[in-house]
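J.: In the order they appear, the protein sequences are chains G and X.
For the first sequence, position 91 (counting from the first letter as 1) is numbered 1047 according to our numbering, and the numbering increases by one without interruption.
For the second sequence, position 49 (counting from the first letter as 1) is numbered 51 according to our numbering, and the numbering increases by one without interruption.
A portion of the hints provided could be inaccurate.
[To be verified] Partner residues aside, some chain X positions facing chain G, computed with beta carbon under 8 Å:
1. 169
2. 334
3. 337
Hints were generated in silico from the structure; no laboratory data involved.
None of these values were measured; they are calculated from a predicted model.
All C-beta atoms in this analysis are idealised placements derived from N, C-alpha and C, irrespective of residue type, glycine included.
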Amino acid sequence: MRQKGAVGWFKHDITHRGITAWILFVLLALMYFFFYYGGRTLFGAPIPDPFTPIAQGLGMPHKWTFYGLLYTIAVVAGGVLMFRRYGHNRYQVVRTSVVIFVQVTLAFAVPWILLIFEQPEFYFSYLWPLQIEYFYPSTILEMPLPFLLYSLIGSLLIVPLLGVFYGKRWYCSWVCGCGGLANTAGEPFRHLSTKSSASWLFEKWSVHLTLLLALLVTALVVASWAVGQHYPRFEETAVSLQSFYGLIVVTMLSGIIGVVVYPIGGTRVWCRFFCPMAALLGLIQKFGRFRITVKDDMCISCGLCTKYCEMGIDVRAYAQKNQDFVRASCVGCGLCAEVCPRGVLRLENRMPRDPQETLTMSSLLSRSYQ
Amino acid sequence: MKQYVIIGNGVAGAEAALELRRRLSPEEGRILLISDESPYFFSRTALMYAFMDRLDRRDLEPYERKVWDIQKIERVQARVVDLDASRRCITLESGEELSFDRCLVATGASPRMVPFEGLDAVEDGLVHFVSLDDLDACERLARTSDRAVVVGGGLIGVELVECFLHHGLEVTFLVREPYFWPAALAAEEGEMISEHIGDHGVELIHGEELHRIDVDEAGKIVAIQTTGERTLPTDILGICIGVVPTVDWLRDVTTPPTLKGGLLVDRSFATSLDGVYGAGDCVVVDLGVDGPPKHEPIWYTARDHGRLAARSILGDDVRYEPPVFYNSSKFFDVEYTTVGAVQDLPPGTGALFRSHPDKLITQRILHATDGERRVLGFNMLGSRWDHRLLQRWIEERRGLNFVRRHLHEAQFDVEFGRANLEKMNEKEILL
Ligand SMILES: Cc1cc2nc3c(=O)[nH]c(=O)nc-3n(C[C@H](O)[C@H](O)[C@H](O)COP(=O)(O)OP(=O)(O)OC[C@H]3O[C@@H](n4cnc5c(N)ncnc54)[C@H](O)[C@@H]3O)c2cc1C
Ligand code: SF4
Ligand code: SF4
């Protein structure tokens, strides 16, 4: 039951798909619309661009830097909320600190500084296949060598390797900006994720199809760069596929849907249903060391873990069956373990039948941290 | 085809139904799950989270609704008023009769009540916190009230206090005992928890009981008097002084089963009536020469009872062995795990009490004082523990030194957040 008074009403309304949640949804949609289409003409009508003047007024190179500023403010403010709510939980404190740090530096300050020094704008926190253009030859050719090496080694070596040892969480809920926003500013909306088995089925198809599409588009773009001049029809197809991917996946799904639906569909809609990086890391996670351990016979079936899982995993179903589990979609945010009133769940990186923890992040790091 | 009737769809009844279905195809057995409270099994343990807006009503249901149709378990929402074991049938309040081949009584527990002075005049303002109706009543009253008094310093009491506090009420918590929950905690821990509850802004009164309830002309509660001659004005009075097995309805049925503080069952969960079994909070298990009859109104026991009773109903040779006791709870922010024997131990038992210098983290390890100082029980506050390992050490009759050396292996805290066991202050106490 919601608390008494206007504040109680608002807190409940905005987090339970009430009228204020829908208003926020519309406002976010408008904001994204003007960010993406401001200054262009759509169906013959010119769309005003409110953000470029603001960015210029702030001495920023372009409106996307201003967008980055808003994003960073949201992450920091949401991070403060996280500290207030979960300050007693070291995993959440460390994780949120890293998320804020990465957003402020790698995802905001560094690209801006690079522009100031007339270097290509580069986001060290994003890697292919999430940032698909980092593997496009046109981008690669412009990249200074160190960036290129970082991008290649990062995507092809570091991502899978860390995925094997720590699961997808090291990226999805420690580094990535999409996940970072979801786990900070998105915190009040995380419980809105859909839990139905139908959504699970949809997710399994949609996320892997997007990964397939990302691989296909990358391969085509590279091939067309290599041999395109001899086959103009092929080059055309590659170009149109590339812009299709750019519009549908990058703009619509990751940019707009990803954030706009927070107030009504919960956080991580992009991450769960579409992100190619999440799909790839999820496949690795299935065979890696990460898992969630269930303390046998201690669950009281209260359902808090399921409710607060932003990936819509029915955690309670595993907990009440005494079943440790690894789900490809689990981003290791650790909130299920946090909200569980009986301490039933624990995130671990150990090999299944290992009796004591040997290679957990905890044993490697927590001693020094204490 | 045989007919199985289960009265009560709490965790005992629901798990029994699922266990029966695991072994019986729909052609072999028809399963009816009856309850007057709710058409779907829900988690009673999560009532407080619904009250605090952390869960919606529907979230309380541990299984997706379609499970019951898929499993072909028929749900009946009705009150059972009669049981006739000789004719093998039960009667619903509507008068409808249902026959059975086997019947399981899993009617749970109800709030304990005492005839307090002034109780008869109360029309409104008094609540318990056990059923969905109680939850509705609490929600209705919390909306219009400013003050609440909660009586009874147990697990449900502290949950209700937390809920009222969440809704901005001024809460007074009346606890008869000198510190919080002596039924399970020793003085040191109990006092810490009392302080913790006080820190959240609750007025905690120890050592006094409810003496009289005062109402206005309409019968609405306005104040209570304590045995300490205090008058506490209040709009809500929450009574959480324990639960009793819901067996009153069995006293006047056509064939009353043997009751002994609860529905008496043997170790195979059979009652004194042929074809009638019992499980969960409503039963008392007769352990014969191994100990006094056992009544454990907790979730885990009810769940195990339900599954075992189902096996017994199906003809398995079931002999209930109460496992090494364990339970868990949470007092505001402090998590609590207990394993083994921690109360009513004979004088001469030792207790190693460890407490963190800065945080509310304690461990109490109860142990024998002779030989290897065999460990008997654990009472842990403020950090997470794997009760399975603690249980195993008790079963393996491990000594105190072994347990102290290996204690860190049973820690279950979040990554980076392990309680630092090296820092704990230790004190040896002789009971
Ligand atoms: C607020 C609260 C918090 C709790 N927290 C914990 C906890 O953290 N850990 C823990 O271990 N335990 C906890 N418990 C105890 C736990 O909930 C119970 O032990 C458990 O629910 C018992 O299950 P049961 O199936 O025996 O009975 P119940 O869940 O009580 O179910 C019995 C059902 O039978 C119905 N019924 C009764 N009589 C009839 C009739 N004549 N006809 C039809 N239907 C009937 C009742 O309405 C009820 O729905 C808590 C209890 C409460 C109230
Ligand atoms: S299962 Fe737990 S750790 Fe994984 S995404 Fe869900 S809440 Fe986060
Ligand atoms: S939050 Fe914990 S106790 Fe509640 S259902 Fe999940 S695992 Fe079980």
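J.: Now look at each hint and say whether the structure bears it out.
T.: Comparing the hints with the structure gives:
no.: 1; hint: 169; verdict: holds (6 Å)
no.: 2; hint: 334; verdict: violated (11 Å)
no.: 3; hint: 337; verdict: holds (6 Å)
When held up to the earlier numbered hints, the structure conflicts with hint 2 and nothing else.
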